[in-house]
Amino acid sequence: MQTLKVVRQTFTMLSEKRTQVIDITKQIRDIMLSADIKEGILLVNSLHTTCALFVNEFQGALVEDLKTMLERLVVDNAGYKHDDHRYSVCERGNTASEFRAAVLGRNVALGISGGELALGKFQSILFAELDGPRSRSIDIQIMGV
Amino acid sequence: MQTLKVVRQTFTMLSEKRTQVIDITKQIRDIMLSADIKEGILLVNSLHTTCALFVNEFQGALVEDLKTMLERLVVDNAGYKHDDHRYSVCERGNTASEFRAAVLGRNVALGISGGELALGKFQSILFAELDGPRSRSIDIQIMGV
Amino acid sequence: MQTLKVVRQTFTMLSEKRTQVIDITKQIRDIMLSADIKEGILLVNSLHTTCALFVNEFQGALVEDLKTMLERLVVDNAGYKHDDHRYSVCERGNTASEFRAAVLGRNVALGISGGELALGKFQSILFAELDGPRSRSIDIQIMGV
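Top line first, the protein sequences correspond to chains L, R and W.
Residues 32 to 176, numbered by this note's numbering, are exactly what the first sequence covers, in order.
Residues 32 to 176, numbered by this note's numbering, are exactly what the second sequence covers, in order.
Residues 32 to 176, numbered by this note's numbering, are exactly what the third sequence covers, in order.
The reader is advised that the hints may include incorrect statements.
Heads up, the list lumps identical chains together, so a pair's fine if it works in one copy or across two of them.
Under the rule of at most 30 Å between Cα atoms (straight-line distance), these lysine-lysine pairs were calculated in the DSS-like manner [claimed, not checked]:
#: 1; residue 1: LYS57; residue 2: LYS112
#: 2; residue 1: LYS48; residue 2: LYS152
#: 3; residue 1: LYS112; residue 2: LYS152
Read the hints as simulated data drawn from the structure, not as lab findings.
Between the sequences and the hints, there should be enough to build the whole structure, so can you do that?
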């Protein structure tokens, strides 16, 4: 029996816009390869409350549409109490960003099989910055053999 | 090599309102500590269809805003067939609650590293009651070494 | 100590409608049983960008309501650029389907304990076809002892 490995690695990146979708599949695949785990489970989590992680197609026009969709789904200035200094100590209004992240999700769990991520042909692991620009930490946990 | 452990534990709590957000990070951390798993993966699942589990900031004003946002996203009485006794045997109308749970999500997967949950500074594990008050069971599965 | 197993299995099914919700709990339970893993973690992922996987009640009227809710949440023809041949090479407009999948989620992580899936009484694992009819591949990854 091979020895079980549990590897955690965090990588940091700088987002450049208020809302931005970044394909992080390559960074995550590289971490998986360096961990040398061929069969197992990989988790991706963001360590922040105003960004999202999800699996989807990465295509320029689609990313623009996503911004429009999110702004319609969760409107920006809806009189949120969390954006009001009387009720909250937030440095700037980020309530809409938190809710957009809640709708998209913040954790991705994928299988690793034969040394490859179990992703479909058109699937990428996407990071959505929803309150940038900021420095962001992405947490990868891999467990397997 | 250390022995792989797989630990499952369920805890029950009583919600007090129709819609309520409860920070359950401490309960989950305590279960993790008693399982004595230092490196691995932790899953949190609700065993119900009308409540949600997700990771977000826990702040009073934000929780109030979340209720407002969910009520706007999924309206309460939209003539749902599932709320109608001709099509469904539900004891009371809970369709909006089921869909709010579907939008927020119902499972959280986190890494455990160095005996700590991989959570960011402002991140808590939140339980959202969407059809209370009720008794609710939360299921924790931990696997690791 | 028992030997750690990591099993991956993919199953394919044919959806019959544009939008369709299928209860796949039985197929997944069968895969779990044949893998003979009694304690562990099970992941379900779709390998496509226009369908969703989530845990919810499976009831006829509820499924009809879900379609209505999704169509209201993410409207069909909102002038998406990804549906426009000037910006994208998609064979047919599927932007609304991608976003409905993003809202519902695409991965399910469940515990296995005592040879059973950790699901509540009214919970099923549901597959939502959002751009059918098509052939779809569902990916199961199981890890445990």
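Here is how each hint holds up against the structure:
For the identical chains of this complex, LYS57 and LYS112 are inter-copy neighbours only, at 26 Å across copies versus 39 Å inside a copy, given an alpha-carbon limit of 30 Å. With identical chains, the CA atoms of LYS48 and LYS152 are at most 30 Å apart both within one copy (28 Å) and between copies (22 Å). Within a single copy, LYS112 and LYS152 get their C-alpha atoms only as close as 43 Å, which misses the 30 Å cut-off; across copies the closest is 21 Å, which meets it.
Against the hints set out earlier in the document, no violation occurs for any number.
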